[in-house]
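Engineer: Here are the chains, one letter per residue:
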Amino acid sequence: GQQVMQIPQYQHVQEGEDFTTYCNSSTTLSNIQWYKQRPGGHPVFLIQLVKSGEVKKQKRLTFQFGEAKKNSSLHITATQTTDVGTYFCPYNQGGKLIFGQGTELSVKP
Amino acid sequence: DSGVTQTPKHLITATGQRVTLRCSPRSGDLSVYWYQQSLDQGLQFLIQYYNGEERAKGNILERFSAQQFPDLHSELNLSSLELGDSALYFCASSLLGQGSGELFFGEGSRLTVL
Numbered sequence: 426g427q428q429v430m431q432i433p434q435y436q437h438v439q440e441g442e443d444f445t446t447y448c449n450s451s452t453t454l455s456n457i458q459w460y461k462q463r464p465g466g467h468p469v470f471l472i473q474l475v476k477s478g479e480v481k482k483q484k485r486l487t488f489q490f491g492e493a494k495k496n497s498s499l500h501i502t503a504t505q506t507t508d509v510g511t512y513f514c515p516y517n518q519g520g521k522l523i524f525g526q527g528t529e530l531s532v533k534p
Numbered sequence: 024d025s026g027v028t029q030t031p032k033h034l035i036t037a038t039g040q041r042v043t044l045r046c047s048p049r050s051g052d053l054s055v056y057w058y059q060q061s062l063d064q065g066l067q068f069l070i071q072y073y074n075g076e077e078r079a080k081g082n083i084l085e086r087f088s089a090q091q092f093p094d095l096h097s098e099l100n101l102s103s104l105e106l107g108d109s110a111l112y113f114c115a116s117s118l119l120g121q122g123s124g125e126l127f128f129g130e131g132s133r134l135t136v137l
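The listed protein sequences derive, respectively, from chains A and B. Those letters in the first sequence? Residues 426 to 534, per the working numbering, in order. Those letters in the second sequence? Residues 24 to 137, per the working numbering, in order.
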């Protein structure tokens, strides 16, 4: 069945370094979303990608959806301590929004 | 504030007991989702309701049940509790229930089973 793997599971960076997390699917995705969960908080929607090759930016965050709609990435430029948290890329599976383990980002000041 | 309200925020109970978690969706949202988050399992989809009807089911145990009422609030019932049921239970809501579109999450209900 459809499966989306997110890597890495953990990432530790120095403040100011860039960070990227990747989601790779075995099958074509209809869309993919990105959420951020701060420590002790709840997931918060960041963005949804629908179109092949789509690139969207939100300040220091850049989201991409692959041409084949099988992979997606989130890139953060010059990380800040406020970027700490777990980033998820849930995907639509028969109307269900399936989350995985996410990528936990820690930022050392 | 997402507009989704979950009660209780914290719950401590014993093995074998039964608890009910409640969720009030954002005003106007018709769909409610329940997720379980534990340290080693990530965010696991349990069940989804749309306008009172069950829409999709995930890896929800038979000891767990849920429903969505006519006023669109939802309850998740967990029975014969085991230690492994200790987790954070999130409710989320969305306008529609087709797996696309933003989900708004509540603050969660933290269940501890002793």
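None of these hints come from the bench; they were simulated from the model. One or more hints might be untrue.
[As the list claims (entries may be wrong)] Taking lysine-lysine pairs in the BS3-like style, the calculated list, with each CA pair at most 27 Å apart, reads:
id : chain 1 : residue 1 : chain 2 : residue 2
1  : A       : K533      : A       : K521
2  : B       : K32       : A       : K521
3  : B       : K80       : A       : K495
[Said to hold, decoys possible] Cβ pair distances, simulated, as ranges:
id : chain 1 : residue 1 : chain 2 : residue 2 : range
4  : A       : P534      : B       : H33       : 27 to 33 Å
5  : B       : Q64       : A       : V438      : 35 to 41 Å
6  : A       : V480      : B       : E85       : 19 to 25 Å
7  : B       : E85       : A       : S455      : 27 to 33 Å
8  : A       : H437      : B       : L62       : 15 to 21 Å
9  : A       : Q505      : B       : R45       : 34 to 40 Å
10 : A       : K484      : B       : E76       : 38 to 44 Å
11 : A       : A493      : B       : R41       : 43 to 49 Å
12 : B       : D94       : A       : K476      : 34 to 40 Å
13 : B       : G26       : A       : T506      : 23 to 29 Å
For glycine and all other residues, C-beta sits at the position ideal for the given N, C-alpha and C.
Engineer: Could you run down the list of hints and mark each one as holding or not?
Structural biologist: Hints, verified against the model:
no., hint, verdict
1, K533/A x K521/A, "violated (36 Å)"
2, K32/B x K521/A, "holds (25 Å)"
3, K80/B x K495/A, "holds (24 Å)"
4, P534/A x H33/B: 27 to 33 Å, "holds (31 Å)"
5, Q64/B x V438/A: 35 to 41 Å, "violated (26 Å)"
6, V480/A x E85/B: 19 to 25 Å, "violated (44 Å)"
7, E85/B x S455/A: 27 to 33 Å, "holds (30 Å)"
8, H437/A x L62/B: 15 to 21 Å, "holds (18 Å)"
9, Q505/A x R45/B: 34 to 40 Å, "holds (36 Å)"
10, K484/A x E76/B: 38 to 44 Å, "holds (40 Å)"
11, A493/A x R41/B: 43 to 49 Å, "holds (47 Å)"
12, D94/B x K476/A: 34 to 40 Å, "holds (37 Å)"
13, G26/B x T506/A: 23 to 29 Å, "holds (28 Å)"
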